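Chemist: When you get a sec, could you build the whole thing from the sequences and use the hints?
The chain contents come next:
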Amino acid sequence: MVGIISYGAYIPRYRIRVEEIARVWGANGTEISKGLGVYEKSLPDLDEDTATISVEAARAALARRTVDPGEIKAVYVGSESHPYAVKPTAATVGEAIGATPVMTAADYEFACKAGTAAVQTCMGLVKSGMIPYGIAIGADIAQGEPGDALEYTAAAGGAALIIGNRDPIADLNYTCSYTTDTPDFWRREGKPFPRHGGRFTGDPGYFKHVLGSSRMLLSDLGTKPGDYDYAVFHQPNGKFPVRAADILGFSREQIKPGLVVPYLGNTYSGASMVGLCATLDIARPGDRIFMTSYGSGAGGDSFDITVTDVIDSDQFNRDAAPTVADMLKDKKMVDYAVYAKHKGKVVMME
Amino acid sequence: MTVPRFWRKQQSRYNLIGTTCSTCGQYFYPPRNFCPECRRDGKINEHKFKGTGKVVTYSIIRSASDQFSLLTPYVIAIIELDEGCRLTSQVICEIDAVYIGMPVKQTFRRLGTDGGSGAIFYGTKFIPA
Amino acid sequence: MRDVAVIGVGCTKFGEKWDTSFRNLFVEAGGLALEDGNLSGDQIEEIFVGNMSAGRFVEQEHVGALIADYAGLATDNIPSTRVEAACASGGLAFRQAYTTVASGMADVVVAAGVEKMTDVGTEMTTDVLAAAADREWEGIAGATFPGLYAMIATLYMDRYGLTREQLAQVAVKNHANGEKNPNAQFRKAITLDTVLQSTLVADPLRLFDCSPVTDGAAAVILAPLERAREFTDTPVRVLGSSQASSTIALHDRRDICTLDATVAAGNRVFEMAKVERKDIGFIEVHDCFTIAELCAIEDLGFCKKGEAGKLTEEGVTALNGSLPVNPSGGLKACGHPVGATGIKQVYEVVRQLRGEAEGRQIDADIGMTHNVGGTGATVVCSILGRV
Chain R
1 MVGIISYGAY IPRYRIRVEE IARVWGANGT EISKGLGVYE KSLPDLDEDT
51 ATISVEAARA ALARRTVDPG EIKAVYVGSE SHPYAVKPTA ATVGEAIGAT
101 PVMTAADYEF ACKAGTAAVQ TCMGLVKSGM IPYGIAIGAD IAQGEPGDAL
151 EYTAAAGGAA LIIGNRDPIA DLNYTCSYTT DTPDFWRREG KPFPRHGGRF
201 TGDPGYFKHV LGSSRMLLSD LGTKPGDYDY AVFHQPNGKF PVRAADILGF
251 SREQIKPGLV VPYLGNTYSG ASMVGLCATL DIARPGDRIF MTSYGSGAGG
301 DSFDITVTDV IDSDQFNRDA APTVADMLKD KKMVDYAVYA KHKGKVVMME
Chain G
1 MTVPRFWRKQ QSRYNLIGTT CSTCGQYFYP PRNFCPECRR DGKINEHKFK
51 GTGKVVTYSI IRSASDQFSL LTPYVIAIIE LDEGCRLTSQ VICEIDAVYI
101 GMPVKQTFRR LGTDGGSGAI FYGTKFIPA
Chain X
1 MRDVAVIGVG CTKFGEKWDT SFRNLFVEAG GLALEDGNLS GDQIEEIFVG
51 NMSAGRFVEQ EHVGALIADY AGLATDNIPS TRVEAACASG GLAFRQAYTT
101 VASGMADVVV AAGVEKMTDV GTEMTTDVLA AAADREWEGI AGATFPGLYA
151 MIATLYMDRY GLTREQLAQV AVKNHANGEK NPNAQFRKAI TLDTVLQSTL
201 VADPLRLFDC SPVTDGAAAV ILAPLERARE FTDTPVRVLG SSQASSTIAL
251 HDRRDICTLD ATVAAGNRVF EMAKVERKDI GFIEVHDCFT IAELCAIEDL
301 GFCKKGEAGK LTEEGVTALN GSLPVNPSGG LKACGHPVGA TGIKQVYEVV
351 RQLRGEAEGR QIDADIGMTH NVGGTGATVV CSILGRV
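Chains as they are written, first to last, in the numbering used here: chain R, 1 to 350; chain G, 1 to 129; chain X, 1 to 387.
Bear in mind the hints are in silico, worked out from the structure with no lab data behind them.
Here the structure is a predicted model, which is why all the values come from computation and not from measurement.
Every clue listed holds true.
Selected chain R positions facing chain G (in silico; Cβ < 10 Å):
{"#": "1", "residue": "Thr52"}
{"#": "2", "residue": "Ile53"}
{"#": "3", "residue": "Pro83"}
Just so it is clear, CB atoms sit at the ideal spot from N, CA and C, and this is done for glycine as well.
Modeler: Here it is, written out as structure tokens:
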């Protein structure tokens, strides 16, 4: 069966407290943190971007399992912050993991769910027998305009999943998607920061599509929330995924391992996939995982996943790369001035 | 750095691909296509380095050219790879954390950009192992 | 090979010369050398000019012809060649001129060096100078030129126990000498504290460990020794001139603290000149950074590795010491217009041997120069003596 052959995540070391951002804008940081359920967020080093994060995540996945990079015949990188508007991040990743030149590659964009769209593409290519392995990446150095609500959460990080059908560590049992044209959040061509519809991003955006996709999967498979050991939802903040889980009937215990947003922030295309990686970090053979991503614009991708015995076998070495929890612990806190420099928010003359 | 000059050695920069001389067994990174030991008797082959090594010596750059001025202060070091050859690279760490003999491993970073609208050059830097 | 003598020398004042262009710098130095050698210019048969980077500093290549033209020699159609080995360009020009005269190819030959550095900003200068090292494998990593020498210093201090104060003493000594040199960029004595409290540039090197950015030019005229008296009463004989190369990148050196090219060029020039270390009255060495002077003294064989810091601290290398080093003030205080430095070193040695170094005069019969390109990828050494 098609499944996850290996996985890897990458989170830059730098963090800023939500309270520190609020201080700059004269807002009440404690209130905002509590309201969003986010306390810290990651930011990239000065020489990191979506391509470097993608490569590190992909290399982490390759460190955990011996896969001939030449057999990775598809590389897809989903992001809202590709370093180039035109020139594929996926080609850089392919070259940096030794998968080039016999491979297909493309950059994906579907707001925060471009990474899971890449997973679905790889699943199709593997299932159809077109490729032995594909690698699907969701990564971002998320943009948030200074002073905007997004600035409190927009974070940096990413995850890579190697998809194949030879002894996966987790079977991808089923996937389905729910998509409409809903302008709840966008970034126009050439503009540095996204715009959003405020509270319009909630019910007509996130909840309609996350619940729509999740309910479709449960209905298609005839499963109930209780059939799953863990659930992961897209996490633009700490509140939305918890409310979605509550509405669907998933418990707080089920979503806990994959809810990384409070101390990571929203890594956009990386968000649900980093949550899945955090769950795989602690999963045992036989565990069943429910995942729904969300991308503004808008759509949700749902997955039904079962962890196999291979995760504990000699074929796989979870310890060969740091866990999401390890990376969240290894951090360096910065103030807003350093954050602004790292994020290119200090305008420099050319 | 212009695009063709960078691109030509991109594999070396991304994946620490150097060369080795099968006649004398020496390793070369940066790559050499002529063995200084064996000269005409040398047989040069590609070699992918493991990407681990140690700091031989270092400095902290406080004043840099335009290309690197945003990064200052940063650690520059000569690193001896486990296979035995040496290269110059930044080490991504606190400036007071670096020391002679520090074990390091490779990481993938931006090496520079050709201005705000030019090409972005990626490659290998090192982090504490 | 014929014996060769220096028959005329000229040097501009070194410093930030905002009013003087690249070509006028050379004309000024050349004119002083002609005057010194009592030549009209008609006798000049060939020119070698050392220049590192006119292409990037003043966007001018084809420097050889330009120099000949503005020196008024275009109508004579003499050969004029620019030679380049980064900061050793001047030394190289001298050696080229020397071999040309020694071989009998020409009799009266000018060796010059010129660099106009201040037309671009500091960050651009840093970038240009970094090209003296391996651009593709050192420069791209962000290794500045001070950074490379700083890495030598880090390892050297760790290995030999050199103190920060001993290193600073090199700059203090060179500033003391520069104060007495009318051509020097910095005619100002400094204290250990000046160095130790200056801004860090590349740890452990501080601003006062580094040679400055300088405009300047120097020229010397060579002729066969047998004809030297036609031009001057005080010819200075070139006893030998050698050159050596080593790996372009510091990381590829056998030993990071030893400039093997200095060792090789030193051994060769002593053999060629048939003199011993003890015969040398003083040396002008390439102190682009304080650590470089210590390495030079050791690698030229004047003391064991690791001892030069102590010698400096004890005053051995001071003007009144037993081995004066850099009586001109060196690159540190006299200034370092990169392509001109090697010629300025010869200029200083000639002025000393002729007894014309007022205020900093050393009583010596033989002097030596040591000029380095990059972090030691090219080294040129010359030994000159009284006739």
